[in-house]
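Q: Residue numbers (this note's numbering), protein chains in the order written: chain X, 1 to 365; chain H, 366 to 718; chain C, 719 to 1223.
Worth flagging that the hints you see were computed from the coordinates, not collected in a lab. Note that the structure is a prediction, hence the values are computed from the model and not measured. Some clues are possibly wrong.
Cross-link-like lysine-lysine pairs, in silico, DSSO-like; alpha carbons within 27 Å at most [unchecked claim]: (1) K229/X / K1111/C; (2) K1041/C / K1103/C; (3) K229/X / K527/H; (4) K1103/C / K213/X.
Now for the letters of each chain:
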Amino acid sequence: MTAKPNRSGAGAFFAGLLRHQIMIPLAAMLLLTIFHLIVDRSFFSISLMHNVNGDPVLTGSIISVIDSGSELAILAIGMTLVTAASGGQDISVGAGIAISGSVILRVLCGTNPSPEHMQAPIIVAFLIGCLAAAACGAFNGALVAFFRLQPMVATLILFTAGRSIAAWVNNNRLPVVNDIEFKYFGGYIPGIPIPTPFLIAIVCFIVTWAMLKFTNIGLYAQAVGINEKTSRLNGLNPAVIKLTAYVILGLCVGVCGLIKTSRVGSINYSVIAKDIEMDAILAVALGGNALSGGKFSMSASVLGAYVIQYLTTTLYSLNVRPAAISAYKAVVVILLVVCSAPAVREKFSRLMKKARAGKPSGSAA
Amino acid sequence: MTAVKKIRGFLRNMSDTNLLTSITVFVFIVMYLIAIFGLGEGFTKPQTLFNIMNANAALIILSCGLTLVMISGGIDISVGGVTALVSMCCAVHLDYQGGNVLTALLIALGIGLAFGLVQGYLIAYLEIQPFIVTLAGMFFARGLTTIVHTDPFNVQNEGFLKLKDIRINVPGLGSYNRHGAYIDAYVEIGVIVALVIVALMFVMLKWTRTGRSFYAVGGNRQSALMLGINVRRTTFLAHLTCGLLAGIGGFVYFMHVGSGSPSHASGEEMNAIASSIIGGTMLTGGVGNVFGTLFGVLALSLIKTIVSSIGLDQAWWKDITVAAMLCIFLIVQSVIVAVRKRIGVSASKQKTG
Amino acid sequence: MGEKTVLELRGISKAFPGVKALQNVDFTLHTGEIHALMGENGAGKSTLIKVLTGVYERDEGQIYLHGDHSKSVQIHSPQDAQQAGISTVYQEISLCPNLSVAENIYLGRSEGRLISWRSMNKKAAKLLESLGIAVSPSQQLAGCSIAVQQMVAIARAVDMECSVLILDEPTSSLDEHEVAKLFRLMRDLRERGVGIIFVTHFLDQVYEVCDRITVLRDGRLVGSYDAEALPRVELVSKMLGKELDDMADIKSEIPASADDKTVPVYEAENLCSAEGIAPFRFYIRRGEVNGFTGLLGSGRSESVRAIFGADKVTSGTVRVNGKPVRIHRPIDAMRAGIGYLPEDRKRDGIIGDLSVRDNIILALQVKRGFFRPFSRAQKIRFAEKYIKLLDVKTASVNTPIKSLSGGNQQKVILGRWLLTEPQYLILDEPTRGIDIGTKIDIQKLVLKLASEGMSVTFISSETDEMLRTCSRLLVMRDRRLVGELTGDQLTQQSIMKTIAGGDGA
């Protein structure tokens, strides 16, 4: 369909791939996989089982990675755009999920915290939840775009207030939805053995792909993120583009709100999606995208999100306490970032040169 | 008319730092006056203010560190995690290893320094983004806290309890209780530590070469380099100091609560950032001072106190008010800076014209 | 003048990945001389200066100070350079805008660990007064005009007891008076025995103050000459490395004359923007090349920015091809068929990290709309067409534009606007800071476009460049339009007269 660069052999192709930023999450994934191959191969076993409802479901560690990594991957989409366009990150996504989840439950349950039947169709609740999340995104976006606040500071506001707002929406009660259909979104649809969150994530990927393909959001976001003044002189409206990026992230947050509340059928305002903003930012960074904005690779971010979940699940499989996982994650992240830091790479290549100069008869690469 | 002109000229010649700090102090005073006249009684007692300070001594110290880092153009979100880690380590050391207060203090300082050293090195010399490094630092500290000990517990060590209960009376500011007995106003040790640190930091930032280089680096890294400032060393120092202050702040926090828990100081990094911002520090770097930060912390907790004392005592109101206040301050700051820039530009146009 | 050498560079080499920026360059600076460092862009001037000031580390070569050949000086950082008595004023102001004027003067070089604000402000006030800079030392630098900021930078450099002073294009943001002031200062310092290295693109300035000239080309030394013994033409040809037939070519071409009867392509009455220019009237006809001239800061850039809607337009009626239109944002102007190449390439022109391809198609893509992206193949086709047409030197269409040289970046931006097929193109300083070869290419291109029917407004600081291309010149002074020159009024002399004003003629 498009003109491919002339392939002067597989070597050049792989050299190009190696330089591509998707190599960073891929390498991390490879390392984890090798680790499992050596230590515990059962990690990769997948089996077909039946859940309590008698429906066939796939189980296994890998399935659990793609299942619980879905929210992160969906968030990574929006976070990548926000990072590219505004050169900063939204730290209020966790709070946003709490708000949208709370709104969804409020619509589903009405005034009764634990109704027999849902008070509204799920789709309506979902749409209203998305609307609430998009409004939060628009609030953040407006602060960033029109008041020129730094994204991290602007979103600090909702980060502080979001969970309280979520509690306020339901008057601090804990609504419970008992309807089986609502649980489909965070579990399994009868007859389909693949976890629904993953399916939702795939739908989101397709929508994103289409958005990048059939609109100019990608080009515009990068242009605005790199040089706002130039973008304006070329007819773009940077404020509107930033705002759009934040609203898109808001929609992603809305989708995550549905999945998260559906998983448990209820909500815990202070715990739901806790620290997910950090994971989402890490996903963007792990995808090799500059956190200061500009060029991005969406697929690398999404892969980054799954790698982070992969790491989390790996740590679980090693019987690490859930609360302690963050410490190990931090070490891995620092190692990754240090290895990919330009300063370190430069030093390393200089060392390699010296080593090669030291023994000229050395290895022929 | 000339008076108006004078004021405008004065405002124009004021540096961003001084202007934003003045606004914060002004707002704090106005808020306190409103509280006194609107809510009466309690707020006229100096002890109310001292209680706010007692409860926030640690936050003041943490915010000072953050202010420093933010002035130099960086960010540190690991301070809350370090605080929790310090509390937990000291608690375990005192109660399970039979340590004494002095070694506990050394442990606190050691942890702070270690975080400062590593994070500072990664940020300054390997040029990794501060947000990522300190994010990992926060994760690491939080995770390590639960590895050290899982459950929250109160410290029983006698020496420590003695230290914790020391009250320093403030002469002349006491008040009479319902039965007419005079009660001295008091502060905890932590407040003294915090005030000393504020004073030291203020002097350092204002009158030392190193202090001014933080501003220079935050104002424009490239220029600072060209002007002959060791940018890397300055960045490193900022993060090192912030780490050390997080250690001290952690210990002060520990002295106040007297327990170790993995959930201690959760969200404290965001409180510290918010306080710094309300105190007139700009995240873009180069603007701010610790005096403003002190008032930022006080203003933030004062509004919380006011909110709960006017009857909005559901848990969510505090967060929502804090967020609203942060929002207003941020918008005011951004508008002021934009207006001043425009004035500056038009002034320069007239001159060159 | 003493013939003692104060600074001697021997065999300096510096390579960047893929480029040999400096190859075996020698340079000698005597005490008490003003020494011009000349060369096209990419000749290695700025690299040499950055090696000298410790921003870059040299790969090879020695630096000797004060004729002391026994040991080569090591300069690893700007501090080292300062301690060695080398102080520098950079083209882009490298001061801290958040600090006060006095702090910017004394930052990083005060004695002791503590700062006494009072004595610092007093010292600064004295220094500023002695240099005739009217600014309060305690004012925040951000509140000062660009020219004052540049003078503060110079004051800083001068105040450092330096034996070598490097001025890297300090005059680009100064007006005539300030330049004169600077030159007086430079002569003063020369009397005191300071060796001054002066980098500039303005030939006039070189011959006004410099004693000797060193020319670099492609990272190599061409030679050092006495200014008096080197005629202008020869200097230019040494910089270019070829004889100047091309220049003569252009001169002989007659500026395209426009048809007076037709409806103007663009016409504005009473146009005014928020940037403090007086309302002005302006029109341009099909195939015409006109230009705004005036001193820097006279409002010429602001005028064209108002035409393009780049600044906030406050009043005025605009007609394009006789039909009234509203131009309030750049996109309005683009839809009306106007293109604008901004003055500051780095800040307003390029999108550094994006590829040459994306930089070329950007404006057309925006014009076409958010929901109608070009296919990849189409983008490449467009980009390749203009890379070829304008002879852009780039490794591929995917190369990030920031890795191109200044002249090539300018061509890419030009290509971006040509791709939108504008009927009216505004070029604000398209030739600033780029090499002479590209300058001539661009001038030729302007004339060619006009002959094909495009209207062009051309702004340049170099009057001879404007005389070569424009058939009508609008003269600006103090942010208002003060005159219009056509036909045989188009001479250096009459332009100068109109700019200077005064006699009302």
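Q: Run every hint past the structure and note whether it holds.
A: The hints, checked one at a time:
Proposed proximity of K229/X and K1111/C is supported: the alpha carbons are some 25 Å apart, at most 27 Å. Between K1041/C and K1103/C the alpha-carbon distance is near 33 Å, which puts this suggested pair outside the 27 Å criterion. Under the criterion of a C-alpha separation no larger than 27 Å, the hint pairing K229/X with K527/H is inconsistent with the structure, at around 61 Å. With a CA separation close to 24 Å, the supplied pair K1103/C and K213/X stays within the 27 Å bound.
Violation of the numbered hints given earlier is confined to hints 2, 3; the remaining hints are satisfied by the structure.
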